[in-house]
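**Q** Sequence:
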Amino acid sequence: VLGFDCEWVTRGGTTRPVSLLQLASRTGECGLFRVCRLNDGTIPRCVRDLLANKNVLKVGVACWEDSRRLERDYGITVRGCVDLRHLAIRHKSLQSGKLGLQALAEQVLGVKMDKSRTVRCSNWEASKLSEEQITYAANDALVSVDIFTTFLEWKLQQNDKSEKNLRSAVKAMCQGLVDVPFSDSHRGGRKRTARNNKTRPLQHQNEGKVPQNHNEGSFSNVEAPQHQENKAPTPRKVKGYTVRRSPFYHNCQLLAPDGTLLSTIDRKKVQWYLQKELGELVSEDPLTVQLKFEPSGRPSSQDDQYYLSVKDNVCVVCGRTESYIRKNVVPHDYRRHFPREMKDHLSHDILLLCTVCHQQTGHHDNRLRNEIVREFNAPLGSEDNAKFLEDPARRKARTAAKALLRDDNKIPAERKLELETHVKEFYSTEEVTTAMLMEAATLETRIENENFVPHAEKVVRSLLERRDGLMLFEKRWRRHFLDSMKPRYLPPLWSVDHNHGKLER
Numbered sequence: 001v002l003g004f005d006c007e008w009v010t011r012g013g014t015t016r017p018v019s020l021l022q023l024a025s026r027t028g029e030c031g032l033f034r035v036c037r038l039n040d041g042t043i044p045r046c047v048r049d050l051l052a053n054k055n056v057l058k059v060g061v062a063c064w065e066d067s068r069r070l071e072r073d074y075g076i077t078v079r080g081c082v083d084l085r086h087l088a089i090r091h092k093s094l095q096s097g098k099l100g101l102q103a104l105a106e107q108v109l110g111v112k113m114d115k116s117r118t119v120r121c122s123n124w125e126a127s128k129l130s131e132e133q134i135t136y137a138a139n140d141a142l143v144s145v146d147i148f149t150t151f152l153e154w155k156l157q158q159n160d161k162s163e164k165n166l167r168s169a170v171k172a173m174c175q176g177l178v179d180v181p182f183s184d185s186h187r188g189g190r191k192r193t194a195r196n197n198k199t200r201p202l203q204h205q206n207e208g209k210v211p212q213n214h215n216e217g218s219f220s221n222v223e224a225p226q227h228q229e230n231k232a233p234t235p236r237k238v239k240g241y242t243v244r245r246s247p248f249y250h251n252c253q254l255l256a257p258d259g260t261l262l263s264t265i266d267r268k269k270v271q272w273y274l275q276k277e278l279g280e281l282v283s284e285d286p287l288t289v290q291l292k293f294e295p296s297g298r299p300s301s302q303d304d305q306y307y308l309s310v311k312d313n314v315c316v317v318c319g320r321t322e323s324y325i326r327k328n329v330v331p332h333d334y335r336r337h338f339p340r341e342m343k344d345h346l347s348h349d350i351l352l353l354c355t356v357c358h359q360q361t362g363h364h365d366n367r368l369r370n371e372i373v374r375e376f377n378a379p380l381g382s383e384d385n386a387k388f389l390e391d392p393a394r395r396k397a398r399t400a401a402k403a404l405l406r407d408d409n410k411i412p413a414e415r416k417l418e419l420e421t422h423v424k425e426f427y428s429t430e431e432v433t434t435a436m437l438m439e440a441a442t443l444e445t446r447i448e449n450e451n452f453v454p455h456a457e458k459v460v461r462s463l464l465e466r467r468d469g470l471m472l473f474e475k476r477w478r479r480h481f482l483d484s485m486k487p488r489y490l491p492p493l494w495s496v497d498h499n500h501g502k503l504e505r
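505 is the number that UniProt numbering gives the last residue of the sequence shown; the numbers go up by one with no jumps.
Because the hints were derived from the structure by calculation, they are not lab data.
Treat the hints with care, since some could be wrong.
[As the list claims (entries may be wrong)] Below, computed lysine-lysine pairings styled on DSBU-like, alpha-carbon distance capped at 35 Å:
id, residue 1, residue 2
1, 54, 115
2, 396, 458
3, 502, 268
4, 343, 115
5, 92, 54
6, 410, 115
7, 115, 98
8, 410, 268
9, 292, 268
10, 475, 486
11, 486, 98
12, 410, 396
13, 171, 115
14, 115, 128
15, 112, 92
16, 458, 343
17, 410, 458
18, 502, 416
19, 410, 112
[What the hints assert, rightly or not] What follows is a set of in silico ranges between Cβ atoms, one per label pair, in the way DEER data are often shown:
id, residue 1, residue 2, range
20, 37, 503, 36 to 46 Å
21, 408, 370, 26 to 36 Å
22, 488, 259, 32 to 42 Å
23, 465, 445, 29 to 39 Å
24, 408, 16, 34 to 44 Å
25, 336, 284, 29 to 39 Å
26, 134, 445, 19 to 29 Å
27, 464, 415, 25 to 35 Å
28, 34, 116, 39 to 49 Å
29, 488, 293, 18 to 28 Å
30, 490, 445, 30 to 40 Å
Glycine included, every Cβ here is placed at the ideal spot set by N, Cα and C.
All chains should be modelled from the sequences, with the hints used to inform the complete structure.
**A** Here's what the structure looks like:
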């Protein structure tokens with residue numbers, strides 16, 4: 001069992017990657033790993049293996065959320081997380097109290113922690129950490145493992161504390177709680193009190209969201225005669241970071257009426273052509289359908305040959321054959337703004353990766369994306385580039401109105417006058433009424449930012465103004481994938497220049 005915690009910096013409303021990783025043992029030793037100062041965030045293999053070992057429990061408050069941050073920021077797999085709040089609510093004496101680390105330390109250990117905001121919100125990316133920062137960070141992890149140990153002792157009570165009983169007690173105590181995020185529902189909907197903002201589960205960025213209109217080949221959506229009903233059923237949308245269990249490539253064949261191979265397609269597409277009587281089955285192995293009409297296009301270039309080749313269902317980086325995820329080599333948030341001729345029916349840049357390689361490539365992609373942010377002056381999403389902005393006047397009026405409605409009789413006269421002034425100034429009036437306060441208390445404080453342009457859209461707009469800008473951008477991402485991941489199992493004919501010959505013509 002290890003105490004586990006992370007620290008990071010928030011600047012201008014934007015959360016930076018994890019700066020510090022803390023791991024503490026039951027014997028009082030604590031290791032602080034300055035992830036942000038390591039070369040490319042590369043944590044030693046021995047530490048990575050320790051973090052990925054689900055048999056080594058990592059305990060803390062909001063530790064599951066911390067593990068997601070490490071995966072998102074550095075591609076580090078963390079398994080075996082147990083949130084102390086799950087264990088705390090099993091004890092009646094702790095159910096109704098606060099569940100932050102500071103509160104648990106005081107209630108369970110009788111220890112008062114120093115949670116000074118000055119240290120907590122300090123610069124964890126500084127070239128050298130202060131003694132206060134080191135002590136603060138180490139204590140978070142040390143206290144976490146001590147709280148877990150105390151919970152274990154409570155469970156054992158007077159039982160024999162042999163190694164065998166300890167192991168079985170730990171297993172029983174954590175049954176069903178490993179790698180499970182804590183939420184309000186676990187304590188009957190009471191207010192969450194974890195430290196800082198670590199109680200919101202993080203989501204992966206756009207990498208897990210894959211457009212669903214891509215097939216295995218560029219000619220798999222050939223047009224049927226106009227009198228035919230030729231719209232294929234809309235596939236079910238896949239949300240989030242979805243691991244595929246079934247094959248992605250079925251390597252079925254689509255033939256023209258004269259027998260020319262048009263593309264490799266999936267089984268569903270074969271069934272669709274057969275059900276619509278637009279083609280006939282000519283072979284079971286490989287599953288092959290021959291069209292009854294002349295397609296709108298045929299393979300005519302070297303690039304088109306890519307869609308005729310058989311592709312293996314393996315991670316293109318390491319060759320793993322199970323639990324793979326589709327990877328957009330050019331992130332979808334950029335590609336969605338590309339012209340149709342650069343994205344329709346083109347699956348060249350959708351590859352398969354195992355979960356580990358997918359996490360690693362996400363970290364590398366973040367580095368390139370940050371370069372693009374600086375290069376195009378296109379923030380990813382901050383106070384300077386937000387779809388909605390907080391209106392200070394509205395916020396002041398709403399806060400004041402709520403206070404006046406809630407504690408009117410308890411507010412000192414001078415403070416009450418100040419609050420009423422905020423409401424008067426917002427409504428440009430000399431008198432405050434109850435109806436006005438009730439309206440002000442429900443004001444929407446966010447206003448639409450007329451100058452907002454999403455990062456990806458701004459980048460693509462700029463590229464469209466440059467000669468060959470989008471082609472060079474596409475090539476940049478493809479080259480980045482090759483250089484950063486060094487894939488060994490790419491499909492035949494995969495190329496950084498794919499489709500560019502057609503566009504140049």
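**Q** Could you grab the alpha-carbon distance between residue 292 and residue 268 and see if it respects the 35 Å cut-off?
**A** Distance ~18 Å between residue 292 and residue 268 Cα, so the pair holds.
**Q** Is 30 to 40 Å right for how far apart the beta carbons of residue 490 and residue 445 are?
**A** violated, 50 Å
**Q** CA of residue 458 to CA of residue 343, is that 35 Å or under?
**A** holds, 18 Å
**Q** Are residue 115 and residue 128 close enough, with their CA atoms no more than 35 Å apart?
**A** holds, 20 Å
**Q** Measure nothing beyond the straight line between the CA atoms of residue 54 and residue 115; if it is 35 Å or shorter, mark the hint as holding.
**A** Holds. Residue 54 to residue 115 sits at ~30 Å (cutoff 35 Å).
**Q** Can you let me know if the beta-carbon spacing of residue 37 and residue 503 is within 36 to 46 Å?
**A** holds, 43 Å
**Q** For the pair supplied as a hint, residue 396 and residue 458, is the alpha-carbon distance within the 35 Å limit?
**A** This hinted pair holds, its Cα atoms lying about 33 Å apart.
**Q** Holds or violated: residue 475 with residue 486, Cα cutoff 35 Å?
**A** The hint holds at about 16 Å.
**Q** Kindly confirm whether 29 to 39 Å is satisfied by the beta carbon distance between residue 465 and residue 445.
**A** For residue 445 against residue 465, whose Cβ atoms are near 37 Å apart, the range 29 to 39 Å holds.
**Q** Are residue 134 and residue 445 spaced within 19 to 29 Å by their CB atoms?
**A** violated, 39 Å
**Q** Is 25 to 35 Å a correct range for the gap between the Cβ atoms of residue 464 and residue 415?
**A** Violated, since residue 464 and residue 415 (Cβ atoms, about 55 Å apart) do not stay within the stated range.
**Q** Going straight from one Cα to the other, do residue 410 and residue 268 come out at no more than 35 Å?
**A** Violated, at roughly 69 Å.
When each numbered hint is compared with the structure, violations occur for hints 4, 8, 11, 17, 18, 21, 26, 27, 28, 29 and 30.
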